[in-house]
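Chemist: Sequence:
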Amino acid sequence: MGLSKLNGLYREVILDHANHPRNKHDISDATNQMTVHNPTCGDTINVAVNVDGGRIKNIGYTGSGCTISQASASMMTEAVKGKTVDEALNMAKTFSDMAIGKQHSQADLDQLGDAQILTSIMEFPARIKCATISWWALQRALLKKYDEEEEQ
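Mapping of the sequence shown onto our numbering: position 106 corresponds to residue 106, and the numbering continues sequentially without gaps.
It cannot be assumed that every hint is accurate.
Think about it this way: if two alpha-carbon atoms lie no more than 25 Å apart in a straight line, the pair counts; the simulated PhoX-like pairs of lysine-lysine are [unchecked claim]: (1) K24 with K129; (2) K24 with K81; (3) K129 with K144; (4) K24 with K102; (5) K144 with K93; (6) K144 with K83; (7) K81 with K93; (8) K102 with K129; (9) K81 with K144; (10) K24 with K83; (11) K83 with K129; (12) K57 with K83; (13) K24 with K57; (14) K102 with K83; (15) K81 with K129; (16) K144 with K24; (17) K93 with K83; (18) K81 with K57; (19) K93 with K129; (20) K93 with K24; (21) K102 with K57.
It is worth saying that the hints were derived from the structure and are not from the lab.
It should be emphasised that the depicted structure is a prediction, and the values quoted were computed from it without experimental measurement.
Work out the full structure: start from the sequences and follow the hints.
Modeler: Shown next, in the form of structure tokens:
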């Protein structure tokens with residue numbers, strides 16, 4: 001497949017997630033929740049997760065922002081639903097590492113699902129925060145819950 005066709009496919013997937021977001025809704029029984037705001041561009045993402053038995057039973061997000069932030073949030077929710085907390089945290093680390101150019105195995109990238117195509121966005125430093133904001137919110141939500149449990 002030619003590079004222009006591949007880039008076109010990537011654009012189509014990003015636009016599909018932005019225009020037809022998956023899991024963009026509130027969760028009434030969320031066990032973990034975090035809102036992250038990027039004052040530079042105005043993106044705001046709230047990630048709500050229901051963790052049951054160490055596994056992400058349900059996940060949703062709300063908020064507003066650019067096409068990249070919304071598509072990335074949709075891709076993230078699809079990728080982590082049903083995963084264990086540790087798997088989701090590892091995926092968030094892989095995504096964040098990918099955003100700053102660190103190399104990972106193809107198996108690690110494959111776990112990210114559609115989100116792995118956002119590697120092409122990373123060529124534009126101004127868009128990195130847009131792509132990573134939902135992953136940061138997920139990570140903070142899951143780690144905050146752990147911190148609260150350790151304090152008790």
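Chemist: Work down the list of hints and note, for each, if the structure agrees.
Modeler: Hints versus structure:
1. K24 with K129: holds (19 Å)
2. K24 with K81: Since the Cα atoms of K24 and K81 sit roughly 13 Å apart, the hinted pair holds (cutoff 25 Å).
3. K129 with K144: holds (21 Å)
4. K24 with K102: Roughly 29 Å separates the two Cα atoms, so the pair is violated.
5. K144 with K93: holds (16 Å)
6. K144 with K83: holds (18 Å)
7. K81 with K93: Given that 25 Å is the threshold and the Cα spacing comes to 16 Å, the pair holds.
8. K102 with K129: Given pair K102, K129 holds - Cα atoms ~16 Å apart, limit 25 Å.
9. K81 with K144: Cα-Cα ~18 Å, so holds.
10. K24 with K83: holds (18 Å)
11. K83 with K129: Holds - the C-alpha atoms of K129 and K83 are around 24 Å apart, at most 25 Å.
12. K57 with K83: holds (8 Å)
13. K24 with K57: holds (15 Å)
14. K102 with K83: holds (23 Å)
15. K81 with K129: Holds - the C-alpha atoms of K129 and K81 are around 22 Å apart, at most 25 Å.
16. K144 with K24: holds (22 Å)
17. K93 with K83: Since the Cα atoms of K93 and K83 sit roughly 14 Å apart, the hinted pair holds (cutoff 25 Å).
18. K81 with K57: holds (7 Å)
19. K93 with K129: holds (14 Å)
20. K93 with K24: holds (22 Å)
21. K102 with K57: violated (30 Å)
Going through the hint list in order, the structure does not satisfy hints 4 and 21.
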